[in-house]
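2 protein chains.
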Amino acid sequence: MGDILKKWLKQTKFESLDQEVALNVFVTSYFLRTKHDEVMSKYGLTLPQYNVLRILKGVYPNGHPRCDIISRMIEPAPDVTRIIDRLMKDKLVERFNSTEDKRLSMTRITEKGIKLLDKAHPEVHALENYISSTLSNTEKKTLSDLLEKIYGSEVK
Amino acid sequence: MGDILKKWLKQTKFESLDQEVALNVFVTSYFLRTKHDEVMSKYGLTLPQYNVLRILKGVYPNGHPRCDIISRMIEPAPDVTRIIDRLMKDKLVERFNSTEDKRLSMTRITEKGIKLLDKAHPEVHALENYISSTLSNTEKKTLSDLLEKIYGSEVK
DNA sequence: CTAATTTTAGTGTCATAACACGTTAAATTA
DNA sequence: TAATTTAACGTGTTATGACACTAAAATTAG
Numbered sequence: 001m002g003d004i005l006k007k008w009l010k011q012t013k014f015e016s017l018d019q020e021v022a023l024n025v026f027v028t029s030y031f032l033r034t035k036h037d038e039v040m041s042k043y044g045l046t047l048p049q050y051n052v053l054r055i056l057k058g059v060y061p062n063g064h065p066r067c068d069i070i071s072r073m074i075e076p077a078p079d080v081t082r083i084i085d086r087l088m089k090d091k092l093v094e095r096f097n098s099t100e101d102k103r104l105s106m107t108r109i110t111e112k113g114i115k116l117l118d119k120a121h122p123e124v125h126a127l128e129n130y131i132s133s134t135l136s137n138t139e140k141k142t143l144s145d146l147l148e149k150i151y152g153s154e155v156k
Numbered sequence: 001m002g003d004i005l006k007k008w009l010k011q012t013k014f015e016s017l018d019q020e021v022a023l024n025v026f027v028t029s030y031f032l033r034t035k036h037d038e039v040m041s042k043y044g045l046t047l048p049q050y051n052v053l054r055i056l057k058g059v060y061p062n063g064h065p066r067c068d069i070i071s072r073m074i075e076p077a078p079d080v081t082r083i084i085d086r087l088m089k090d091k092l093v094e095r096f097n098s099t100e101d102k103r104l105s106m107t108r109i110t111e112k113g114i115k116l117l118d119k120a121h122p123e124v125h126a127l128e129n130y131i132s133s134t135l136s137n138t139e140k141k142t143l144s145d146l147l148e149k150i151y152g153s154e155v156k
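Chains as they are written, first to last, in our numbering: chain A, 1 to 156; chain U, 1 to 156.
Hints may be right or wrong, so weigh each one.
[As the list claims (entries may be wrong)] Here are the simulated SDA-like cross-link-like pairs (lysine to any residue), alpha carbons at most 20 Å apart as the crow flies:
(1) 149/U <-> 9/A
(2) 10/U <-> 76/A
(3) 89/A <-> 47/A
(4) 149/U <-> 129/A
(5) 10/A <-> 73/U
(6) 57/A <-> 120/A
(7) 112/U <-> 96/U
(8) 35/U <-> 74/U
(9) 6/U <-> 72/A
(10) 141/A <-> 141/U
(11) 35/A <-> 127/A
(12) 35/U <-> 75/A
(13) 141/A <-> 136/U
(14) 10/U <-> 65/A
(15) 141/A <-> 138/U
(16) 91/A <-> 120/A
[What the hints assert, rightly or not] To list a few chain A residues with every Cβ distance to chain U over 10 Å, as calculated:
(17) 82
(18) 108
(19) 122
[As the list claims (entries may be wrong)] To give an idea of the chain A side of the interface with chain U (calculated C-beta under 10 Å), a few residues:
(20) 2
(21) 11
(22) 20
(23) 23
(24) 33
(25) 36
(26) 71
(27) 128
(28) 144
(29) 147
(30) 152
(31) 153
(32) 155
It is worth saying that the hints were derived from the structure and are not from the lab.
All C-beta atoms in this analysis are idealised placements derived from N, C-alpha and C, irrespective of residue type, glycine included.
All chains should be modelled from the sequences, with the hints used to inform the complete structure.
Written as structure tokens, this is what we have:
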């Protein structure tokens, strides 16, 4: 029980089962995040940049106001303005103003941005499928259910 | 299935079950990390700082060389030197040189550092127990096992 | 219909993180 | 034993993140 986690952290024991679960979530997340990050950096993207592009691709050819982008991110970043600035510099997204609500700064992914995502897609997919090699379908569903229980109480 | 995750990300569907699991790990991690971070900031600590202190407390009254600290961290930080610098400034840790291996820069937690951890401990504990309210003991073990399967293949 | 409040973005500043390089000491090899 | 390789740190630089503040537009309250 927990031998793999112990090896990772080079610890011999944990304070509680709850601590062990929490640590396992952190370590797994770090593990997958790092792998994901390595893939994206091959395409010149940081993880937050990739996430913004992914969100924008979902509504293409429409755009999203900044606030919407933040609320859809896995890890909401306070500094989306500058993330978009950098994506703009690479011409992966473009900005335009909403006519209905003049406060809104809309961002749309460009053709170039979509092409980049498409190019990276197989590798991202392969990474997600990496999980396949270790878990059965039933296990994946169980895992998802258990994780959702943890943060579910605070999702409205 | 996955309704909670869909709400969090304001998405209506996922590409695959594997993607869903990965996203769930990320979201759960973000959720717990943020809560953890909020607790630690009350005590003037960042998450990496807390982790370094926690590791050093484990070997007190001995110290650890920098490289050992990194390898025991949940999220190995490349910049541990400066993290330690800041902890030094607050007199929460102290440095000394190893006599056996003169390359090693050893760090030891101070009394003040231990006192700070002890003070924060109940709240950290409460946070870990937060998971208790949503999962049974059996579920916690299942969850830990499944998570370890994901990253286990690369732990030696 | 006006004034106060809320929402949304952007900017300036400071702290932190990431990355590459240089230095020293230990370990290994010739 | 000398030369080379490896390991461990620290530092300088650049990029990114966090946070507070400002401005503009929309919404709500009176």
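* Violated constraints from the hint list, given by number and in increasing order -> none
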